[in-house]
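Chains as they are written, first to last, in this note's numbering: chain A, 1 to 124; chain B, 1 to 263.
Accuracy of the hints is not assured; some may be wrong.
Calculated from the model, a selection of chain B residues having no Cβ within reach of chain A, i.e. all distances over 12 Å [what the hints assert, rightly or not]:
hint, residue
1, GLU31
2, ALA59
3, ALA68
4, THR70
5, HIS71
6, GLY76
7, GLY90
8, GLU95
9, GLY115
10, ALA167
11, GLU180
12, ARG181
13, GLY183
14, ALA236
15, GLY240
16, GLU260
If we take Cβ atoms under 10 Å as the criterion, some of the chain B residues that face chain A in the derived model are [to be verified]:
hint, residue
17, ALA46
18, LEU54
19, GLU65
20, ARG69
21, ARG100
22, MET102
23, ARG106
24, GLU107
25, ALA111
26, ALA112
27, GLN195
28, MET259
Per label pair, the in silico range of CB-to-CB distance [to be verified]:
hint, chain 1, residue 1, chain 2, residue 2, range
29, B, ASP45, A, ASP33, 22 to 32 Å
30, B, GLU180, A, ASP33, 41 to 51 Å
31, A, GLU100, B, ARG94, 56 to 66 Å
32, A, GLU93, B, ALA27, 38 to 48 Å
Keep in mind that the hints were calculated from the coordinates and are not lab data.
Every residue, glycine too, gets a C-beta built ideally from N, C-alpha and C.
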Amino acid sequence: MTQPWNPAHAGMSRPPRRGEPASLADILERVLDKGIVVAGDIRVDLLDIELLTIRLRLIIASVDRAREMGIDWWEHDPALSSKARDLEQENRELRDRVGELEAEDQSAGSIPRQRVTSPSDTAR
Amino acid sequence: MTATWVYAVTRDLDPAVLDDLEGIGGARVREVHEGQLSVAASSVDAGAFNEESLQRRLADPGELEAMARTHHRVIGTAAAAGTVLPLRLGTVYREDDRVRTMLAEREPEFAATLGWLAGRAECGVKVWASPAALATGSTRGEAPGPGGGGAAYLSRRRDELAARDQASRRAAETAAGIHERLGGLAVAGRQHQPQDTRAAGERSTGAQEVMVLNGAYLVAVAGLAEFAAGARAAVADLAGFRLDVTGPWPPYSFADGPMEGET
C-alpha cells in the first residue's frame with residue numbers, strides 16, 4: 001500500500017501524488033476524526049478518541065521520525081514518553097529563547113543587565 | 001467468540017475485490033449484506049476487542065498505527081472498486097446480525113449519501129507558508145539600531161509581536177481565499193485543523209514553514225487531475241506559498257453527506 005487509494009481503478013491518467021505513501025498524520029486525521037459514526041456494540045468513547053487525537057498530534061512526528069532513526073522507546077510507555085519528549089523540547093525552546101533575549105539585551109547596551117537573583121545567591 | 005469489525009458501508013461493490021484482503025487482527029475481509037447495501041467487515045476476537053482492551057490498544061502508538069493503516073487499506077480497496085461510506089475507526093458489533101439491523105435502520109440516509117458520493121473522490125490540499133511570505137510589512141527595517149535603550153527594546157518587542165499577529169491574520173486570510181477558490185473547483189470542500197509542522201513531518205521541507213490550510217475537496221473522479229492542476233495554479237502567483245495535493249482518498253471528510261447548498 002503506497003497510496004491512499006489505487007487510482008488505476010478510478011480512471012485517473014495523472015494522479016496527484018503517484019507513488020507517495022500516505023502520511024500517518026493524514027490517515028489518522030481521517031480514520032479518527034472523520035467517517036460515519038454508527039452506534040456499534042463496542043465503540044471507543046468519542047471523547048476519548050478526541051483526546052487521543054490531540055495527543056497524537058503531539059507525537060505523530062516522533063513516531064515517524066523516531067522509527068527512521070531506530071528509536072522505539074515510545075512504544076514501551078507512550079503516555080509518559082510523549083510527555084517527557086514534549087517537556088524536553090519545550091525546555092530546549094525556552095532556553096534558546098532566553099538566550100536570544102539576553103543577547104538582544106546585551107546588544108541594546110544602555111540597559112544595565114540585571115542579574116536574576118536566586119535564593120542561593122542572596123544567602124551568600 | 002468473535003465480534004465484527006466494520007470498515008465502510010458500500011453499494012454495488014464487486015465482492016471479489018475484498019478477496020484475500022486481511023482485516024484488523026488478520027481475518028479475511030467479507031461483506032455483510034442488507035437490502036441494497038453492504039458493510040465491509042471482518043471477524044475479530046471478542047475478548048481482544050472489548051471496550052477496555054480496544055481503548056488500551058488505541059492508546060498504544062504502534063498498535064494504533066497498525067490498526068489505522070489496516071482500516072484505511074480496506075476502505076481504500078473498496079473505494080477503488082465502488083462507492084463507500086467510511087466508518088469511524090474502532091466500531092465493533094457483537095455479531096453480523098447487529099450490523100444488518102444497523103444497516104436496515106439507516107438505509108435511507110446511507111443511500112442518499114452514497115448517491116451524492118458516487119463517482120467522486122476526496123482530494124487533500126495542504127498549503128504551506130514560509131515565514132517570509134507572511135512577514136511583509138515587517139518592522140525590522142524601521143527598528144532603531146542597537147543601543148536604543150530600554151524603551152527602544154520594548155518598542156521593538158511590541159513591533160515584533162504586532163508583526164506576528166499580522167502574520168497570522170495574513171495566513172488566515174490567504175488560507176480562506178485559497179479554500180474558497182478550491183471549493184469553486186470542487187463539489188464540496190471541508191477544512192481540517194492545520195497540522196503541526198512536527199506532525200506533518202516529511203511534508204514540511206523548510207523548518208520554519210507553517211501549514212496555513214489543510215483542506216479536503218470532493219471532486220469528480222474524472223476531474224481529479226484537473227483539480228490538482230487548478231489547485232497548484234491557485235498558489236502559483238503567491239510568493240512563499242507552497243501547496244501539496246494528496247489522494248485521491250476515500251471520501252472520509254464527506255461521509256456526513258452534503259451541507260446546505262451542496263449537490
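So, going through the hints one by one against the coordinates:
1. GLU31: Correct as stated: the minimum Cβ-Cβ distance to chain A is 16 Å, above 12 Å.
2. ALA59: violated (7 Å)
3. ALA68: violated (5 Å)
4. THR70: violated (9 Å)
5. HIS71: Non-interface label fails for B/HIS71: nearest chain A Cβ at 5 Å, not farther than 12 Å.
6. GLY76: violated (4 Å)
7. GLY90: Its Cβ does come within 12 Å of chain A, the nearest being 4 Å, so this is violated.
8. GLU95: violated (8 Å)
9. GLY115: Its Cβ never comes within 12 Å of chain A, the nearest being 15 Å, so this holds.
10. ALA167: The assertion about B/ALA167 holds, with a minimum of 18 Å to chain A.
11. GLU180: holds (20 Å)
12. ARG181: For B/ARG181, whose nearest Cβ neighbour in chain A is about 17 Å away, the distance exceeds 12 Å, so it holds.
13. GLY183: holds (17 Å)
14. ALA236: holds (16 Å)
15. GLY240: holds (22 Å)
16. GLU260: Holds, because the least Cβ-Cβ distance between B/GLU260 and chain A comes to about 19 Å, which exceeds 12 Å.
17. ALA46: B/ALA46 check passes; min Cβ-Cβ to chain A is 9 Å, inside 10 Å.
18. LEU54: Hint holds; B/LEU54 Cβ to chain A Cβ min 6 Å, cut 10 Å.
19. GLU65: holds (6 Å)
20. ARG69: holds (6 Å)
21. ARG100: Hint on B/ARG100: violated, closest Cβ of chain A at ~12 Å, above 10 Å.
22. MET102: Hint on B/MET102: holds, closest Cβ of chain A at ~6 Å, below 10 Å.
23. ARG106: The hint holds - B/ARG106 has a Cβ within 10 Å of chain A, the shortest such distance being about 7 Å.
24. GLU107: violated (12 Å)
25. ALA111: violated (13 Å)
26. ALA112: Violated: closest Cβ of chain A sits about 13 Å from B/ALA112, beyond 10 Å.
27. GLN195: With Cβ-Cβ at 6 Å, under 10 Å, it holds.
28. MET259: This interface hint is violated because 14 Å lies over the 10 Å limit.
29. B/ASP45 with A/ASP33: 22 to 32 Å: holds (27 Å)
30. B/GLU180 with A/ASP33: 41 to 51 Å: Violated, at about 22 Å.
31. A/GLU100 with B/ARG94: 56 to 66 Å: holds (59 Å)
32. A/GLU93 with B/ALA27: 38 to 48 Å: holds (46 Å)
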